[in-house]
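J.: Protein chains in written order, with our numbering: chain G, 1 to 460; chain E, 1 to 117; chain H, 1 to 134.
No wet-lab data here; the hints were simulated from the structure.
Among the hints, a few may not be true.
Stated by the list, open to error - In silico DMTMM-like pairs for lysine to aspartate or glutamate, Cα to Cα no more than 25 angstroms straight-line:
(1) Lys48/H / Asp64/E
(2) Lys48/H / Glu159/G
(3) Lys48/H / Asp35/E
(4) Lys48/H / Glu95/E
(5) Lys48/H / Glu75/E
(6) Lys48/H / Asp19/H
Unchecked claim - The following residues of chain H were derived to be distant from chain E, with all beta-carbon distances above 10 angstroms:
(7) Val5
(8) Arg16
(9) Glu37
(10) Leu44
(11) Val46
(12) Glu60
(13) Ala68
(14) Gly69
(15) Arg71
(16) Glu80
(17) Pro110
(18) Thr133
Here the structure is a predicted model, which means the values were calculated and not measured.
All residues carry an ideal CB built from backbone N, CA and C; glycine is no exception.
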Amino acid sequence: MTVRALLGLVVFNAFLLVVGVAVLGALRGWRSWSDLVRCSGLAYFLGVALVGVALTVELVMGVPFSMATILLTGLGLVAVALVLRAPLTAWHPSPSPDRVRGLGFVTFAFGLLVVVCLEALFRAGRLAGLSAWDAWAFWVPKAKAIYFFGGLDEQFFRELVNPTYPPLVPALEAAAFHFMGSADVVTLHVQFWFFACGFAAAVAGLLAPRVTPILLWPFLLLVLVAPRVAGRNLDPQADFLLDYFFALAALLLALWLVEREPWLLAAACPLMAAALLTKREGLMLVACLVVAALVGSWRHRGHAWPRLGLVAGIAVVAAIPWRVWFSSRDLTGELPSAGVLGIFDDADRAWPALASALSALFDYDLWLVIVPLAVAAVILGYLSGARVLPTFALTLYALTTAGVTWVLWAFTELELPFEQDEGVNPIVRLSGSLVVASAALVPLLVDAAWRGADAAEELP
Amino acid sequence: MTRAATWVAVLALVLAYPAYVLVREGVPSFPSRDDCVKPATTGGDIDAVFGYFDTEHEAVVVRDRALEVGFIGTEMAWNGCGRVRVAVGGIPTLEVGREFAEQARGVGFEVTLEQAG
Amino acid sequence: MCVAVAIVFGLVYLVRTVDRLGDAAATHAAENFDDREFAGGNALVVDKRALYEARALIPEDGSYRLVAGPRVEGATELTEPYIDQFARFFLMPRRPDPDADWIICYGCDPAELDRPAAVVWDGGGGISVLEATG
Numbered sequence: 001m002t003v004r005a006l007l008g009l010v011v012f013n014a015f016l017l018v019v020g021v022a023v024l025g026a027l028r029g030w031r032s033w034s035d036l037v038r039c040s041g042l043a044y045f046l047g048v049a050l051v052g053v054a055l056t057v058e059l060v061m062g063v064p065f066s067m068a069t070i071l072l073t074g075l076g077l078v079a080v081a082l083v084l085r086a087p088l089t090a091w092h093p094s095p096s097p098d099r100v101r102g103l104g105f106v107t108f109a110f111g112l113l114v115v116v117c118l119e120a121l122f123r124a125g126r127l128a129g130l131s132a133w134d135a136w137a138f139w140v141p142k143a144k145a146i147y148f149f150g151g152l153d154e155q156f157f158r159e160l161v162n163p164t165y166p167p168l169v170p171a172l173e174a175a176a177f178h179f180m181g182s183a184d185v186v187t188l189h190v191q192f193w194f195f196a197c198g199f200a201a202a203v204a205g206l207l208a209p210r211v212t213p214i215l216l217w218p219f220l221l222l223v224l225v226a227p228r229v230a231g232r233n234l235d236p237q238a239d240f241l242l243d244y245f246f247a248l249a250a251l252l253l254a255l256w257l258v259e260r261e262p263w264l265l266a267a268a269c270p271l272m273a274a275a276l277l278t279k280r281e282g283l284m285l286v287a288c289l290v291v292a293a294l295v296g297s298w299r300h301r302g303h304a305w306p307r308l309g310l311v312a313g314i315a316v317v318a319a320i321p322w323r324v325w326f327s328s329r330d331l332t333g334e335l336p337s338a339g340v341l342g343i344f345d346d347a348d349r350a351w352p353a354l355a356s357a358l359s360a361l362f363d364y365d366l367w368l369v370i371v372p373l374a375v376a377a378v379i380l381g382y383l384s385g386a387r388v389l390p391t392f393a394l395t396l397y398a399l400t401t402a403g404v405t406w407v408l409w410a411f412t413e414l415e416l417p418f419e420q421d422e423g424v425n426p427i428v429r430l431s432g433s434l435v436v437a438s439a440a441l442v443p444l445l446v447d448a449a450w451r452g453a454d455a456a457e458e459l460p
Numbered sequence: 001m002t003r004a005a006t007w008v009a010v011l012a013l014v015l016a017y018p019a020y021v022l023v024r025e026g027v028p029s030f031p032s033r034d035d036c037v038k039p040a041t042t043g044g045d046i047d048a049v050f051g052y053f054d055t056e057h058e059a060v061v062v063r064d065r066a067l068e069v070g071f072i073g074t075e076m077a078w079n080g081c082g083r084v085r086v087a088v089g090g091i092p093t094l095e096v097g098r099e100f101a102e103q104a105r106g107v108g109f110e111v112t113l114e115q116a117g
Numbered sequence: 001m002c003v004a005v006a007i008v009f010g011l012v013y014l015v016r017t018v019d020r021l022g023d024a025a026a027t028h029a030a031e032n033f034d035d036r037e038f039a040g041g042n043a044l045v046v047d048k049r050a051l052y053e054a055r056a057l058i059p060e061d062g063s064y065r066l067v068a069g070p071r072v073e074g075a076t077e078l079t080e081p082y083i084d085q086f087a088r089f090f091l092m093p094r095r096p097d098p099d100a101d102w103i104i105c106y107g108c109d110p111a112e113l114d115r116p117a118a119v120v121w122d123g124g125g126g127i128s129v130l131e132a133t134g
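Extracted from the complex, chain G is given alone in its bound form:
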C-alpha cells in the first residue's frame, strides 16, 4: 500500500522485462528500436515465463528462495541468452521492410482506449483487499510461505488446499513480496495489472505487423472489457496468468504454422512450460495446443511435427521436477478419484457436462460475444479459402471445450448441470482460456478470411 511497494513492483517488472529482452534478443533479435519496443510485451512475458519456471525448478530442488536467488536467476538467464545469441542468429527473421504503418488513426484511437481501460484497472486494483477466496485460501498463503520460510515449506505445502497445484504463481508472488519489501497482499494486485498490461502489449506487438489495426485493436479491447476479464484479472491467483501464457503460446504457434520462423516456435516453448507450471489444467491446455498445432501442420508434418514434438517435450521436461516433488510426498488431487477413464462409469454425465461447458463459454454476462465472434471468424476463414489457421483454431477450440467437458464429467463431486457462482466456478475459469486466446486468434482469423488465404499456402 506504500509508494515503496509500488516502486518495488516497478523494479521487479523491469527486471522481468530485461530478462525477456535478453532472451528475445537471442531468439529473434530486433531490426530497430521501434521493433524492440513493439516486441517488449512478448519479451516481458518471456521474462515472466522463464523466471517463473526457473524459480519453480529451484524451489523444487531446495535452493533457498531469497532476493539474491531471484536476482541470480535472472542474471543467469540473461547470461545464457547472451551466450546463445550468436549460435541462434540463424533463427532471426531476415531483415525486411517494416510492415507496420505509422501511428494511424485506428491504432491511435483504440490504443488510447486500451490504455484508458488499463489505467482504470490500475486504479481499481491498487487498494483492493484480498477478497478472492482461492487467493487467500491457498495461492497467497503459498507465496507467503515461500517468502517467509525461503522454500516449499513441507507443512504449508502439504496442509494448504490444492497441494498439487504447481508453485509458479506463488513463486512469482513471493518474488514480488521481496521487491516490495513486505508481504503486502493489497499492492500484490498491481503485479497482476502488470501481467495484464504485458499481455495486451504482447498481443498488440505480435499482431501489429501482421494484421490491419482495425482487426487488432477492437478485439483486444473487447476482451479486456469483458465483464469477467475486467472484474477478475487482478485477483492474485493463477487463472488469468495461465490464460495469458496459453493465449500467447497459441498465437506464437499459429504464426509459426503460417510463417515457419523458428524463433516463433522457440518462444512458444517457455510459455507452454510456464502454463504447465501455473495450474494443473495447464497440462490439458498445453496438450490441446500441441494437438491443434499438429493437426494444423498436417500438410507439412514431415517438417513440423518433429519440431513441435521437441518443443512440447522440452516444456514437459521443465514441469517434471514439480510432479516428482509432490508425487514423492504422496500428495494427491491431480486427477479425478475414478481416474482418467472413470468417465465411462458415469456416461449419463456426458451431455449435461457438455451443455454446462458450452453455456459457460457462450455466457454473455461473462464474456460478451467473444466466443460467437471466434466461431464466426473460423467459419469465415474456411469459407474464404484459408485452411491452416482455421484448422488450428477450430481444433484448439474444440479440444479445449472437450477438455472442459471432461473436467465436469470426470470430477463427479461437481454437480451437474453446473451452476456454481461464477466467482468460484472452475468451469468459468477454464473457459477463460479460450476467451483470452480469442484476443490473439480472432484478428488473425479474420485477417486470413479477408485475404482469402493464410500465408502458409505461399510457403514452399
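Start from chain G and add chains E and H according to the hints.
T.: Leaving out everything else, chains E and H in the frame of chain G:
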C-alpha cells in the same frame, strides 16, 4: 504534424484520464495504520490519546494507570486500523486539551490531541 | 461484420467497465484499514480483534492452534468451517500446530481442551485467546 508533436499529443491523451481523476478525486492516498489518527486542529470534540497498542493487554496497563492517577473516563477501543487506542474524550477546546496534556506529562504520559470520531 | 460487432460492444462495455472500475477504486479507497486487511475474511471473521490479538501475542516464529466450534455469537455459515483457513493466511508466518501452547478459541468449549489453559484475552461472544498452562 511532426513526429515529436504526434507523440506529445499521444502522451497528453494517455495522461488525460489520470489527470481527470486527479482533478476530481485529489492525489492518491497510501493507507497506513496512521489513517485512523486525526490530529486535533480545531476545537469541538477532542480526545486526549494516551497511546496506541497492538494488544489489549498492553492497552489495559496504560488505561488502568491513567484511571489510577485520576484521569476519569479513560477508555480503550480498537481503532479500525488494527490497534487499540487508549483515550479520554470530551475535551471542548484545544486550549483545555493542551492543559490536559501538560498535566498528563507531569505524571509520565505523552498525550496527543486528536479529533474525536 | 465481426469487426463492427467488436467495435460496438467494445466501446459500449469500455464505458461501463471504466465506470465500474472507477466505483471499485472509490470503494477500495474508502475502506478502512481493517476492512482492507481482512477483505475476504470479512465474510467469516466475527471478531477481528481476536486475530489482531493473536498476531500481536504469538511471536512470528511461534505456533498456535485454532479450535473452532458452534458457540460463536454472530457467526456466519462460513465461520466454523473456514476460520481455520483464514487464520492460517492471516497469522503467517506463525504455524498452526495441534500441540501449540497458544490457542485461539473460536466458539470452542475451553473445558474440553486437552490441556488446562489460561485466558489471555477474551473478546466475549465465544471468542478468546488462551495459553496452555499445563
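J.: Against this structure, judge whether each hint is valid.
T.: These are the hints, each one checked on the structure:
A C-alpha spacing of about 23 angstroms is found between Lys48/H and Asp64/E, which places the hinted pair at or below 25 angstroms, so the restraint holds. With a C-alpha separation of about 24 angstroms, the suggested pair Lys48/H and Glu159/G falls inside the 25 angstroms cut-off, and the hint holds. Restraint check for Lys48/H and Asp35/E: the C-alpha separation of about 18 angstroms stays at or below 25 angstroms, so the hint holds. Restraint check for Lys48/H and Glu95/E: not satisfied, since their Cα atoms lie roughly 36 angstroms apart, outside the 25 angstroms limit.
Annotation: proposed proximity of Lys48/H to Glu75/E holds, straight-line Cα distance about 19 angstroms (limit 25 angstroms). The hinted pair formed by Lys48/H and Asp19/H fails the criterion: a straight-line CA distance of about 32 angstroms is larger than 25 angstroms. The beta carbon of Val5/H is kept farther than 10 angstroms from every beta carbon of chain E, the shortest such distance being approximately 26 angstroms. No beta-carbon of chain E is positioned within 10 angstroms of the beta-carbon of Arg16/H; the least distance is around 16 angstroms.
Not every CB of chain E lies more than 10 angstroms from the CB of Glu37/H, the least distance being 6 angstroms, so the non-interface label is violated. No Cβ of chain E comes within 10 angstroms of the Cβ of Leu44/H; the nearest lies about 18 angstroms off, and the non-interface call holds. For Val46/H, the shortest C-beta to C-beta distance to chain E comes to about 14 angstroms, beyond the 10 angstroms cut-off, and the non-interface label holds. The beta carbon of Glu60/H is kept farther than 10 angstroms from every beta carbon of chain E, the shortest such distance being approximately 13 angstroms.
In this structure Ala68/H is separated from chain E by more than 10 angstroms, as the shortest Cβ-Cβ distance comes to about 22 angstroms. Annotated as non-interface, Gly69/H keeps its C-beta farther than 10 angstroms from every C-beta of chain E; the closest such distance is 22 angstroms. Distance to chain E confirms Arg71/H as a non-interface residue, since its nearest Cβ pair spans about 21 angstroms, more than 10 angstroms. In this structure Glu80/H is separated from chain E by more than 10 angstroms, as the shortest Cβ-Cβ distance comes to about 23 angstroms.
Look at Pro110/H: its CB is around 18 angstroms from the nearest CB on chain E, clear of 10 angstroms, so calling it non-interface holds up. The claim that Thr133/H lies off the interface holds: its Cβ sits roughly 16 angstroms from the closest Cβ of chain E, which is beyond the 10 angstroms cut-off.
The structure fails hints 4, 6 and 9 (numbered hints given earlier, in ascending order).
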